[in-house]
Amino acid sequence: MDGISTERALLAGSISPALEAAFRTVADADLGGGPKYAPTVMRALSRTVAARAYGKPMLELCHLLRVADAVGGRHGWPALFFGVQVARGPAFRALIQEGGRHCDAFDQDFRLESNGVTIAYPDAPFTVSYGRMGFLAALLELMVTALGYRAVDAEIRAWLDAPFEAQRAATHANALSRLFYDHLREHLSTAQSLRVFARLIAFLEASRGSGFGIDDLDDRAVMDYWYGTVTAGDDEATELRGFRMVTERVGMLRTALQAAFERHAIDTARSVGPDREAGEADPGTVLALLEVHDEEADELRALQSEPAAAVKFLTRREVGELDLIARLGSHAGVLAVSVLRAATFGAVQSRLSQALRRHAPQAEVTGLIDLRECESYDQRLGQWRGLEGRLERMALAALAVLVEADRAEAALEVLARLPAADLSGLRDRLPSEADGSNVIALRPGGVVGMVAALADPKVVGPEVAGLIGDARKALRGVGRSGFGPEDRRSATAVNGMAAGAPLVRRLLVRLQHVRTAAEGRLSDDTFAQDTVRFRTGFRALYGGTA
Amino acid sequence: MTDRWRDLEDDGRRTAETIFSALDVARGLTDCRAPSRPSVSAIWSALATGRALPGGIVPDADLDALLADAASVAFPRQAAAATPQDGIDRHADGARLRVVPSLGAPGQSYLAISFDDPTATASRLIAVGDGAEPLVFALPPPVDGMVQILVDNSDPILVALADADARLYLV
Amino acid sequence: MSGRLRVVIATTAGPSTVRRITAEDPALRSVVCLAGTATALPISGDYDAFVRRPTGVVERDTGQRVYRVDVDRPIDDGRSWQLGFYLAHQLKLADRLAEDDAPAEGIVWATGTVDSDLKVGPVARVVDKARRSAALLATGPPVLAVAAVEHADDLPAGAAPLAVRSVDEALAHLGLVAPVVRGPVDWDPVDWGPVDWGRAGRGGGVLGVSLLLGGAAIVWGLWQTPRSQPATEMPPAAGQLAAGQPAAPSAGSVPVFAPARVSFDVLESRPVGDACGPADVADPGPQGPREVCAVAFRATNAGERPVRIWLYGAVQGGVREYASRRRHTELAVGILAPGEAAEVRVQPPDWVRRSIDVRGLLVLADGDRPQVAQAFGAIDLLSSAEIDALVDGLHDQDVEVREILHRVIPAR
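These protein sequence lines are chains P, H and W, in that order. Position in the first sequence counted from 1, then plus 3, gives you the working numbering. Position in the second sequence counted from 1, then plus 4, gives you the working numbering. Position in the third sequence counted from 1, then plus 344, gives you the working numbering.
Some chain H residues close to chain W (C-beta under 8 Å, calculated; not the full set):
#: 1; residue: Gly108
#: 2; residue: Tyr114
#: 3; residue: Ala116
#: 4; residue: Gln152
#: 5; residue: Val155
FYI, nobody ran anything at the bench for these hints, they're computed from the structure. Even for Gly, the Cβ is constructed at its ideal location relative to N, Cα and C.
Start from the sequences and build out the full structure, keeping to the hints where you can.
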């Protein structure tokens, strides 16, 4: 995604190269089983770091360190954190169970529960869930990478050497937090982000008046800000010159304002922490808001994370095409034309930046500035329709695989597509002893043969059976990894289908929404007008005759 | 509830500002394309599983600390340099490492590692000098608590062992 | 047959020649290497067990704990190399192993296992090994093929076959004596019979006895004499001392014995440039002068009559136990005419960075002393303690024995 890297180069400076390298090092960690940390985990980590909301995770981490130290044998805590090949719950569970068998005293201080490990402190037991361990391991590895092994290990040893009491964990968690906080103070500056925020607000106040609201943050605002900035020749306004970047930041501002208005409404924004400026939002609150407003944009990353990553739902190019839409999340529809502009003119701007960086021949640069090879909106909308068709086929094919594997998620997918469908006929397929109620148990690993009946019009009606027929037809036409007859026999692939099918379907809905919204707002001469504006903007930015 | 900027008080505006910058920074972290280094877990995992160490490791005190924790035996720096021809003799808690010139082939030397605990084992010898990537030398299984290999005197491991500043680890 | 012999190990991939045997630091483990390279063959572990006490027989029978053997072709597995290696060790001990490219009078082709009692056991695929050795048999020196009696009919055509039940039989045919530590043997000289060298038809023999001295089983004498020569040879001409290699005892006698007129001195050499400089007479003793590259012991006959001498110099102590004795010992035996001097020269091992002791031993006799000759013939087999016992025994028999113990710090 060239656009992203280009924009990052423009916005460089808020994160030190050292911290970037540390974060990338953790994100790229691969112990031979694919990425150690899932993209969703890394995204959660980035939110936690950005919000400086690592107080609570650090406490959990301290407790998990107790477990790791017990199961690590001679090597101590690093064996669990660094030794786990893929940082997922089941892998941690297996390592802890295995390590516990070799630790005579393990059962005295620890209890293996179904969902995690309980540390049986004499004062207050604490449970760390398996599902949380991947994130905690990523946090620890980021700290070790950024701060150095010795510094982190020294704090950890102090905690492990302390008496075995839950109440002491807070002190040591604070020490770890302090260590990390001091590092981030040197390496993570929000000054640039705040400058961008101030510019956007100033622009809105100037152009829309101080009574502007979220609704004013629309396609027009994006274009006005970008065009105004690049043609004004303001040498200081260097942070936002990329059209795509402006679109993304306007989406962020919508999220930020939405969150602020919600907080304002319940009036709980408050000052925090002894070492923070009065009035700064509480990190926990910030993180909670980030999670609420940013989480939904994770569909693409979830598709690239286990278990969905076991199936190749999307090509690299398709991921690129969907990236901005996924990032904008619920704001993508409001900014649909901006998304379209970013995919066409924004793509040219990205190529321009690259051409200038590599000192391409003037003719090539001029050709790009003059938009000689820019994709038209009709072409792009056509591409999106094609992509919608492929996403639909992927989602249907995944549904067919789930039916084939007799997975109950198939019925959930059917209901998501056909909410009015009557699946009560499936109940008759339940064994008599399971038929204690009128509720169909729609959970993974349902009753053998029951799901297969989804294809039977006599059981579920012609509409549902027709959908399954379409799904099977789609499956025959898909040749991507995970969909082949051999692949489909593996539980990993089927689990990937179960996780990925709803994600693909939701991405499809987003794309359709953006396309139809854009189509509805375009007039016959929009592209021609935009071409003039972007050409003018590019000439102002990159030179050339007006 | 209001959805107008002017109605937000300072706290509200600061919240918006904080959320915006957190989103921006989080995205910056996620999107950064900085070249990554060998991860700590990749190094540790390689040590634990016997796989090759990842390339591009830059020795520093943190790497030494990590290696010391991963290793079964850590040899400290030695007081003075020695040459294989002189016979290198380094001691650590748990093991002794010697380089003994071969009488049968003057250009070769024996690298002999004897463990205090006859049941101890190590699969690799790692030498970490300043300014160079760690040198990893695979070891055969010990016999009666001793590992012995025969190497040419030009072998890099002997050069590393002769370096008084090199830290040695048995993993 | 007294010449040097080459040993080849018969393998199914073809014969593998023992290129060299070298004693190594006793703290190490024995190793089998490929042609002088640092490539240790996979049999090294088994070879170490074959050498090292208590399982091994080579240390027991040679007094040396660790060896490096270089062979010219890989030997991958099995134990059939044991017989060949054992014979090679014994030849090496007798300074009769043709190493590297040194000329050999004959080749010992061997395959078989050797147990702790030195019984030779059968091995697999001897016929294949014989067939793969055709080229070796077609050219070069005569070949003696040695294997267990079970393979009497399998040995390669064109070689002199020698099917044996024990190593002793093979040693006897090679003109070597059986190892001593397996218990005392008869005083009587043993005629080991002729060695049939097949096509060459050469013969040889050995005379070997041992006795109990001071409670320890010690080889007193073993040296071979060509069977074609008379049992008692004439003494060599005055001044013709066989330095560096044991000489055969002589039945000749010296008419006047004047031991008091024979002086015994120690000399030291120090490095001059890259070379070891001239020897200067030194005061014997434990002072430990530094940077000595060679120590010599000199016997000078100031008398008027010839005197028979056995002059021996050797590095003592731990170094002696693992250093190749042949490098750090020297023996001279013969008649010293009036006015003549004999000298043995020992190079202390230059890798040692501490004081070492060098022992000089001079035995003077007025005539033939078979027991002395026998003892000195095997003196390189003896440990320092055993030499002490030997000296005590000679004193007890009123033999004129002089000894110098000189301490030096070797030069680099």
